[in-house]
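S.K.: As a plain string of letters, each chain reads:
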Amino acid sequence: MSHPSRWTSRLALVGIATLVFAACTGAATPSPSTPTAPPDATPVTSAAPYDGLAYPETGEAPCGVGDYTGNFKKVTAIDAKTVEFQLCAPDVAFLAKIAFSAFGIQDSDYIAAHMGDGSILDQPNGTGPYKLKAWDRGSRLVLEAFDGYWGEKALAPNVEFRWSDEAAQRLLELQSGAVDGIDNPGADDIETIKNSGSLAFFEREGLNTLYLGFNTTIKPWTNQKIRQAIAMGVDRQRIVDNFYPPGSEVASHFTPCAIPFGCEGNDYYTFDATAAKALLAEGMAEEGITTLTTKIQFRAAVRGYLPDPPQIATEVSQQLKNNLGIIATPELQESGAFLDANSAGTLEGIFLLGWGADYPDTSNFLDYHFGPGSGVKFGKPFDDVAAAIQEGGSASADADRAAAYGTANNLIKEYVPAVVMIHGGSGTAFLADVTGAHASPLSTELFSVVDPGGRDTLVWMQNAEPLSLYCGDESDGETLRACEQINESLYGYEVGGTKAIPSLATECTSNADLTVWTCTLRDGVKFHDGADLDANDVVVSYALQWDANHPLHKGRSGAFEYFPGLFGGFLNPPPPAS
Amino acid sequence: MTASNDSPAMVTADPLAATHPASLWRDTLGGILRQRSAIVGLAILTLLVAMAVFAPLIATHDPTQTLLGFEEGVAKRSAPCIHAFGCPETEPEHYFGTDGNFRDVFSRVVFGTQTSLTVGFTAIGLAILFGTMIGAVAGYAGGWLDNIMMRIMDVLLAFPSLLLAIIIVTALGQGLINALLAIGIVSIPVYARIVRSSVLSTREADYVTAAQALGESTSGILLRRVLPNSMTPLIVQATLGIGGAVLEIAALAFVGVIGNLETPEWGSMIALERNQLFLAPHIILAPGLAITLTVLGFNLLGDGLRDALDPRLNR
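Taken in sequence, the protein lines are chains X and V. Quick note: the first sequence uses the working numbering, first residue 75, plus one each step. Quick note: the second sequence uses the working numbering, first residue 130, plus one each step.
In isolation and in its complexed conformation, chain V is listed as follows (with noise of 0.2 Å):
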């Protein structure tokens, strides 16, 4: 496959321009701007990262500091406050209110989303590593390995996989890092699917025999043939699977197997004060819209990339 055959517009308006394909990145980025759902998508995701990278500029407060003592006039679960607004200058100004521990919520939710994204990202991205050598590999290889790597791929997909990455950590131990880890174990089954099913497919392709009469090695021919045509359903899962990545993060840090409260994280911040639900709702509201948005971002922008990868879809 390549881009120029994908792009009909292109053929009609100049012949010529088939012979300087255009590149996969700037087509799909083009195929992505065609769709409004997919913008909505970057455009949160944009502001999410964003707000990860410039958190300690964008916080009003240190995110971990119990304010009382600290501020004067601060109050327990107190409701948000915009001087802007119209919240009295008297009262100190918390965007998102505080929380049980006198905590500016908004710095909370700010630093939260690094937490986030940080574990959304590198528990897809090992899980992407592992897949896809485990799925290349036994896609190529066939016979008794790709039976065995798949059994075992099998087995980890039986069972759920939330419940799954509450075994690995209560086995591992509490913590972010293995909360991490256990995400992306999880993760590596579909993965791996994904790539083993592209790899059969292409293994048995022309450009992959021409390849082998020319003598090319088999880690050759799978790196530089077979992989790179199997990224385009890799690419769409795993921005599928940052979003997933983020629920079950938030899903663990709820039921308490992250252990350390301190850290911001959405999950754990809407089950420190669930019991405020009547009470103090906003405290609740902000991290679970925040974690709303970044699925729904990752979504939005998964669905995009499918529809601009697919060539059945771009005719």
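Bound conformation, chain X alone (with noise of 0.2 Å):
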């Protein structure tokens, strides 16, 4: 029996050296149940000990098990400015990911208020430089400078968004001054503007992929030999050519080489009719057929990566009747129930779909079409490409991303679930009096650093009308930049760039293995009701679209559809559709 005295000297000596080595790494992981003091806490938290809300609120939730295909683990207050994030399997893109649009931190009081009437969809309540003043529905949506804001004031002490789905409209409001600045211009516009002495255009880089997708359950798109023919049946060139503006190029890979680690493995399929033909002709005969008929389907949105789309869609068609044989007739499908019907599997034809960036890293294009929670998109989920996605995202040396990504990306090209087509080029056009004017190469453009020529609004036109304010369950473009301009996320992006930078977060560090992020809140940020940003305001935040179970998990329509693209998978899946 060993003296307790003794022993308990010693535990003590451990406990300190522990103490220690934790200060000094900054590493450790501390528990809910003992929140160290935050450094620069505000009299009220520092007043009472803070009663920090954790995710699940015992436990932790279960990785890898069951039907949990997640990579969050918890996330936890750990004081009124920290907050911890345990992931089952290092992210190496947490950062980029975190600073997303769809992440804006809500104040918890005003989400449990307001999320269960929806009226947080028109009546957002963020921190960002600009709040809500009127929003009339069809026809514009203004917004006022923040008295309160952290950072730099907004130049401009309103903001008046537009939209409007014809270029032509968009570019004659330019012109008459009626407003200043417009998204995506015309690819036949784009000279005009550029000759023109009062106007300004801003080229947009091409961080976006235009790709054909076939549902590789339903015939033929069973048969791989056809899904290749059809890869390298179609001259991708010549559409970028005739249908695209300056800027835009055929696309090797499924990511734009801009992102890191976009292009490795090797190039995509090259054009070659013959060949296509022949290997059309063998997946015909294995499937049994002589012809084949089917639709190009598609939607009228105009984005960077599809700026025609009823042309391109016919070029397609003509391209597959010229050089295949094959008939696809081109239809047009109403954009809401498109996107539906693409996210339920049940497109027949063949779909003419793109995706733009939402944060620079290759996790954002494959995971949210080929990783495991990518869904029935194309079919079923490939597993070799679903697991060597999740290896690229999960691997912190470079060496082992690349090998990874390159390993998917030669899957990608082989199984042909979609034909990689185009990274488009795009732009915005501004009023040449206009300054700070830019374009995000994520399509979120920041007013707060625009001065419309010392005017008191900047009116800016889009192409489509914001669909609401919460963003936490918006993926359309339109949308997310009229968030990006009233909530801010714990990181954001540069303005006109990619990179992530600190926002409502100072700093977000990681251990050693990227499984454990905690993040330190910013102080005197306020949001626009006056409530102070704490750290109960980011659990619950993410807590509701993580939890398909949690009772504010609401939203517009319910799918919160980003975070189980970027972050595997929802905690309390909902089944599987029938």
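Keep in mind the hints are simulated off the structure, nothing from the lab. Among these hints, one or two may not hold up.
Stated by the list, open to error - Cβ-Cβ distance ranges computed for the label pairs, FRET-style:
(1) Leu418/V x Gly399/X: 32 to 40 Å
(2) Gly399/X x Phe183/V: 27 to 35 Å
(3) Gln311/X x Glu222/V: 25 to 33 Å
(4) Leu414/V x Asp346/X: 38 to 46 Å
(5) Ile296/V x Asp457/X: 43 to 51 Å
(6) Leu162/V x Ser250/X: 47 to 55 Å
(7) Ser250/X x Leu274/V: 35 to 43 Å
(8) Leu285/V x Asp346/X: 40 to 48 Å
(9) Ile296/V x Glu240/X: 23 to 31 Å
(10) Gly159/V x Thr367/X: 24 to 32 Å
Said to hold, decoys possible - Listed next, the in silico SDA-like pairs over lysine to any residue satisfying Cα-Cα at most 25 Å (straight line):
(11) Lys369/X x Gly304/V
(12) Lys395/X x Thr189/V
(13) Lys207/X x Gly528/X
(14) Lys369/X x Gln194/V
(15) Lys268/X x Ala469/X
Just so you know, these numbers come straight off a predicted model, no measurement behind them. Positions of the beta carbon are idealized from the N, C-alpha and C atoms, including for glycine.
Hints given; two lone chains; assemble the complex.
M.R.: Below, the structure written as structure tokens:
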């Protein structure tokens, strides 16, 4: 039997040594039950112990067990200004992901009061440089500068969003001076803008991808040779040359090469009509068919990857007919119905769709489309592709990431769930006297740094009206841009660039294996209603998206598409649709 | 009503002619030919029908074919080029230019005539068929059946026709056939009401009473006595209605509910190139003019028919 006093003193020494080590490394995972004092806590929180929330309240998410495919293990408010994210597996792109508009931080009390009745959708309460002034549905959205903003105050007192899906109308409004800036000028109008002394064009890097998708569980798309034949039989360069603005290029990989690790693996198929025909004949013989008649399904929404949807759909249809003898009738569908059908995997024809970067990481392109949580857009996900993508997203060494993404890209090329087509250039145009104008590669222009020539209101015209102003449950770029002015995430993206920089968090640091991220919140941040930002706001903002059974998991449609797309899956995922 | 009674010129020229009544059609044609506007309408429609029938002979190119890679020197959205009018021989000849997909606009306009007229005639034909049946039964039977049928027609009439057509196409699914059915369905109430009112005014006529007294069956009276005498307003309305149907199909195609963009159709041609209004207006002008001419033709002819068939205007 040992002496109790001796063991007590040894334990005390070990305890002190552990605390000193933890303080020095800064990588420890503090227990929620023993919060450390916040270095810059507000008087309210320093006066009383902080009642920090954790999600799940007890225990942690069952990583890799049962139907849980997500990467979040636990989110904890360590103290009023510190939040800890525990992950199931390392995530190299964590900072880039949390900077995304869908993860804007909301006041926990405000969410509790306004999510249930849906009023949060059109009465946002963010921390951004602008707050909502008026929203005349169908007409305009007006924002006004937020006096209590923690950062640089907005240059223009007001920002007004207008919209038109007609490129000609947008240009006309700009030329007449009725608006100060427009998004996505028509491909044929760019030259006019560049040659005009009163207008300025800002090119947007083509961080997007147009693809021709197939549901690989529906015949004849079950046949890989037929899919490969189509990939070889479309002259993508001809489409770029004749239907895309300058700055566009034929895609060599699904992810644009400007994104790190985007272009690992072999280049995509080159156009070869003869080889494509032979392969198609083999595939059709295997399927027992002599003719192939189908549809090219698409929506009219103009995006950087698809500047002229009907004309590009018609061109693809013509090429399939002339090069391969496939009769593919272009079929225009209503945008919402088309996207819903795509998500549900019910599009039977070839679908013309694309993807614009939300954050500058390969995982943004590959995970959403081909990862384990990618759903049934292309039929059942290919297990080996999903595994390679998962490996690429969790590897911390560059060489390992490159190898994994190379494998994934090669498999995507072989299986052809989608024909990788084009990275489309696009841009914005402003009146020449507007300063600070820019085009964000992520299509999230920040208007607080734009001065509309000394005028009171910066009038911006984009393609479409925002769907709501709660972006946790939105995926539409026009909506995200509006949210970006009102809400902020823990990190943000640099103006006109893709680098993730601190926003509501002054920094987020990780442990060595990138599975625990600790974020320190900025002091003095207020929501538009005057409430202070604290760590519980962050926990609730994430928890309601993460847990499909959370009482506040409502949003606009309840789909919360981005969370599972970026972080692998929901906690308590809904049963798969039959 | 007989044609002889409506033709005072014939009566004064030869009183015996009254014993040889002229046909409705011959009389109508005579009435039309007496009006310049109706002649213009008839000429326009004759031209359009000929264009539709002989489209493969008139069109210079395949209307769905992208000419890029098939025709040397073809340019996207090129201006009209007619060699006889001084366009250089080195440039490919396209009477109305080319569109954004390097297709010949003239050929698409010519084949678009087929689409528009087919939809117009078929949709209104269906509307007349069902509208006549509904109107005749409702008007002749009267009572609760009349009430129910006409209230249903009132409900259909309560919606703006284009909106109702869009709703129907949305419900039935995209496509030209469904659009045609939608236009036909929304047109039914107009014809049902016209026929019903004619039936109501003729069912008490002496010749109907006489037929009833002679023991003729109800269906016989309806088909042989009542309906032939309700034809005049129906023909006039149908002529005007086809013009309206052409406009409606163009509108449906413009808003994109037809779905298929390859079929040459005037409304979708305008929709596809509407952003080029200032850069290449000729691409929009050609199908726009075709729609205008067609509707004008039917309207002029309809007005002429109304005047020719109205006994009060023939005095």
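S.K.: Each hint: holds or not?
M.R.: Hint check results:
no.: 1; hint: Leu418/V x Gly399/X: 32 to 40 Å; in the structure: 36 Å, holds
no.: 2; hint: Gly399/X x Phe183/V: 27 to 35 Å; in the structure: 29 Å, holds
no.: 3; hint: Gln311/X x Glu222/V: 25 to 33 Å; in the structure: 28 Å, holds
no.: 4; hint: Leu414/V x Asp346/X: 38 to 46 Å; in the structure: 41 Å, holds
no.: 5; hint: Ile296/V x Asp457/X: 43 to 51 Å; in the structure: 44 Å, holds
no.: 6; hint: Leu162/V x Ser250/X: 47 to 55 Å; in the structure: 51 Å, holds
no.: 7; hint: Ser250/X x Leu274/V: 35 to 43 Å; in the structure: 59 Å, violated
no.: 8; hint: Leu285/V x Asp346/X: 40 to 48 Å; in the structure: 56 Å, violated
no.: 9; hint: Ile296/V x Glu240/X: 23 to 31 Å; in the structure: 24 Å, holds
no.: 10; hint: Gly159/V x Thr367/X: 24 to 32 Å; in the structure: 52 Å, violated
no.: 11; hint: Lys369/X x Gly304/V; in the structure: 13 Å, holds
no.: 12; hint: Lys395/X x Thr189/V; in the structure: 21 Å, holds
no.: 13; hint: Lys207/X x Gly528/X; in the structure: 20 Å, holds
no.: 14; hint: Lys369/X x Gln194/V; in the structure: 17 Å, holds
no.: 15; hint: Lys268/X x Ala469/X; in the structure: 44 Å, violated
Violation of the numbered hints given earlier is confined to hints 7, 8, 10, 15; the remaining hints are satisfied by the structure.
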